[in-house]
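Participant: Our numbering applies: residue 709 is where the sequence shown begins, and numbers increase by one.
Simulated from the structure, these hints should not be mistaken for lab results.
Every residue gets a Cβ at the ideal spot worked out from N, C-alpha and C, and that includes glycine.
Treat the hints with care, since some could be wrong.
Derived pair list, reagent style SDA-like, types lysine to any residue, alpha-carbon separation capped at 25 Å [to be verified]: (1) K834 x K812; (2) K807 x S832; (3) K807 x G859; (4) K812 x F760; (5) K749 x R891.
So the derived label-pair ranges between C-beta atoms look like this [said to hold, decoys possible]: (6) E883 x V823: 32 to 40 Å; (7) P820 x E868: 15 to 23 Å; (8) V728 x R889: 46 to 54 Å; (9) R826 x R785: 25 to 33 Å.
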Amino acid sequence: MLKAALADDDVVIISGGVSVGDFDLVPDMLRENGVKLLFEKVAVKPGKPTVFGLVERAYVVSQASRPRCKGETPSPRAYCFGLPGNPVSTFATFELLVKPFLCKLMGHDYSPTYVQMRLDESISRKDTDRQSWIPVRITSEETVKPVEYHGSAHILALCEADGLIAMDIGVAGMEQGTPVRVRLL
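Could you put together the complete structure from these sequences and hints?
Facilitator: Here is the structure:
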């Protein structure tokens, strides 16, 4: 299935199996299928185990070839994203990396919508070695408040979020009232 996707599709997106566990086989599987991995992790939380690569191809129609639009020329390369398996990580890396990439690949500009708001409460974190994206809810006072969040498997946090705010590398906390850029969802 992967071989056919790499032969026929311009972009392949895989979710799960990209970390360092015993069953995280995607990076090796991609390499075995000719994908040159350009990166295997990102300094983003959630979403560190994310891979991206490409395979150069001389276009050969595979047996599972999809119908092409009239006049559509196949790309000389296929791109491949391997996203984390946890839902919040998958969502974050799709929003931050995949969506802008797809828009650019199709020749469109991509500009996510940001608004400036103040924090409703102080936030802090221990790990400062990666940029963190924190799910937030817009309050009736036009401030933002972090939603209850228990890690990258906590899908309910996304259901309750109106946006994401970034804490940059090296930043351990932000005080209540701090102006922040909110990336609207």
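Participant: Hint by hint, say whether it matches the structure.
Facilitator: Results of checking the hints against the structure:
1. Among the hinted pairs, K834 with K812 is inconsistent with the structure: their alpha-carbon atoms are about 35 Å apart, more than 25 Å.
2. Annotation: proposed proximity of K807 to S832 is violated, straight-line Cα distance about 28 Å (limit 25 Å).
3. At roughly 22 Å between alpha-carbon atoms, K807 and G859 fall within 25 Å of each other, so this suggested pair holds.
4. A hinted pair counts as satisfied when its Cα atoms are at most 25 Å apart, and K812 with F760 qualifies at roughly 16 Å.
5. With a CA separation close to 22 Å, the supplied pair K749 and R891 stays within the 25 Å bound.
6. For E883 and V823, the Cβ-Cβ distance of about 19 Å falls outside the hinted range of 32 to 40 Å, so the restraint is violated.
7. Evaluation of the 15 to 23 Å hint for P820 and E868 yields a pass: the beta carbon distance comes to about 19 Å.
8. Distance hint for V728 and R889: a CB-CB separation of about 32 Å, inconsistent with the stated range 46 to 54 Å.
9. For R826 paired with R785, a C-beta distance near 45 Å fails the hint of 25 to 33 Å.
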